[in-house]
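Line by line, the protein sequences are chains A and B. The working numbering puts the first sequence at residues 3 to 210. The working numbering puts the second sequence at residues -19 to 314.
Think of the hints as simulated: they come from the structure by calculation, not from any bench. Each residue gets a CB set at the ideal place from its N, CA and C atoms; glycine is no exception. Errors might be hidden in some of the hints.
As the list claims (entries may be wrong) - Derived pair list, reagent style EDC-like, types lysine to aspartate or glutamate, alpha-carbon separation capped at 16 Å: (1) K207(A) to E20(B); (2) K177(B) to D216(B); (3) K136(A) to D147(A); (4) K201(A) to E28(B); (5) K32(A) to D173(A); (6) K164(B) to D216(B); (7) K178(A) to D130(A); (8) K234(B) to E259(B); (9) K44(A) to D302(B); (10) K21(A) to D147(A); (11) K207(A) to E54(B); (12) K2(B) to D166(B); (13) K167(B) to D216(B); (14) K181(A) to D60(A); (15) K200(A) to E28(B); (16) K234(B) to E267(B); (17) K57(A) to E267(B); (18) K150(B) to D184(B); (19) K39(A) to D302(B); (20) K35(A) to D22(A); (21) K235(B) to D185(B).
Unchecked claim - Non-contacting residues of chain B with respect to chain A, defined by C-beta distances greater than 12 Å in every case (computed): (22) K2; (23) K52; (24) A78; (25) F110; (26) K167; (27) V171; (28) S186; (29) N202; (30) L297; (31) Q314.
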Amino acid sequence: MISLYIDTSSNYLYSGIVKDDKLVSSIKKKYEKDLSKEALPKIIELFDKASITPKDLDKIIVVNGPGSFTGIRIGITIAKTIAWALNINITPISGLNAMAISCNTNTYKMPLIDARRGYVYGAIYDKDNTTVVKDSYIVLHELLDKSKDLDEVTVITNNDLDINLKKEKYDPDILKIVKHFEESDSINPHLVNPIYLKKTEAEEKAGL
Amino acid sequence: MKDVYILGIESSCDETSCSIVKNGTVELATSTSTQIDIHENFGGVVPEIASREHVKNITLVIEDCLRKANMKIEDVTAIAITYGPGLIGSLLVGMQAAKTLSYIYNKPLVPVHHIAGHIYANSLVEELKFPLIALVVSGGHTELIKMTDHFNFEKLGGTLDDAIGECYDKVARVMGLPYPGGPKLDKLSKVGSPTYKLPIPLNDDSYNFSFSGLKSAVINLNHNEEQKGNEINKADLAASFQKVAVTSIVSKTKKALKDYNINNLIVAGGVAANSILREALTDMCNENNIHLSIPPLKYCTDNAAMIASAGYYAYKLGRRADYHLNSLSTTSLQ
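In isolation and in its complexed conformation, chain A is listed as follows:
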């Protein structure tokens, strides 16, 4: 079983190839603005390093959001193009879920991405990574309110958010994420699209 993981939902490229339960090549690299230029060449390097070609893939797991709209589109377009062209199984996943899975703790987990103006993209998962509060675009304090009755919560974020809870930085455990979703259902590559969780400003203004 050979799987490719792609996450471009932040200003990092997180990508890796898992072959027979081993992470055979991976990258975690920050890009200020050259993600569109660098994402594919870096993914090609992963293939080359693992001595495999896209045709050898059994599965693509791609983060479909939430996060940087432009970033997500880069990873999704690469992933769906490979999956469509080579007829490879593809499973889109939530980046917040990936954050929860990567965090080794026996508490509830609250992955957060700063969405500015007091808002976050966030969710709450239990220790088995099952959803307690689904992925939302939400005012930070509202989400914190929802966690009040939970006995212990760990916040996972790479943003500087003022929260009075135990905090951990997000460092994706690509092997663990891939193992978690390897057997998940695949969907038609044409239907793999970003989940933005947020309407565009134009749509909000027009009340659409």
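Based on these hints, arrange chain B on the given structure of chain A.
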């Protein structure tokens, strides 16, 4: 000689398009997903919405195009992609798809400038004859370009402010015509007469254009008549505006042809679909014995056939890009 099949991808604004063109001149198939209906709700193209639509449609249009052409990607010679100029979020969706296909099928990647694409739309009708003057008129461009050979571009002049298509859409909006207003203004002007007096834009010795003054004059005229309680005759205003705008474009084009002693004119870009402009250019070319080429309407608006056609000539010239190719929102024609 072996036939060359170029698969072109275009996503610079609000059309997601894929096309396969044989030897630069024969369009085998094109599939385009247009977003006009969506952006109509907002009175213009909303970049973020355009980008979202491109991701939804990109693999669908490529699949549809291949099916229509009855070809596989393995059968194409190279992949041509619009790298700019345009909306950056839109451009990069086509770019990622093109780079990915180029990688997995090991096909050369040919970068194409969007305006070169508009110009080469003409070679889908007849081969370009050099030297020529290309008049590029669209929502983002108003330019006169001299070409002495394939991909040899010399910009003679361009707009100093608004592009002509932008000016059409803005004037149409002031007149209450729904987006996209340019074609509706064109249609409306046919039942009017040029009775309103409007200033002739930038009547000088350069090859440059200026349309913001003309736009302001229409807006002011509209406003003043409203203040006075007079009803504007929209058809007459449309006809008056068209007459001035078209006269300016035709006279500068005529001057460029004459000054450089060139007998071939090609027209490119979305505003090449404008009926009054087509008529006026046809008359001018007939009077001056100029060979005129205007692409049919379907090649005037954004489409991937023109990118594949330009891509063929770029491919023949050895133009290639590696997988680091990036999209550029602004970039000069080359």
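Exercise for review: Report the numbers of all earlier hints that the structure fails to satisfy, in ascending order.
Suggested key: When the structure is compared with the hints, numbers 10, 11, 12, 17, 18, 20, 23, 24 turn out to be violated.
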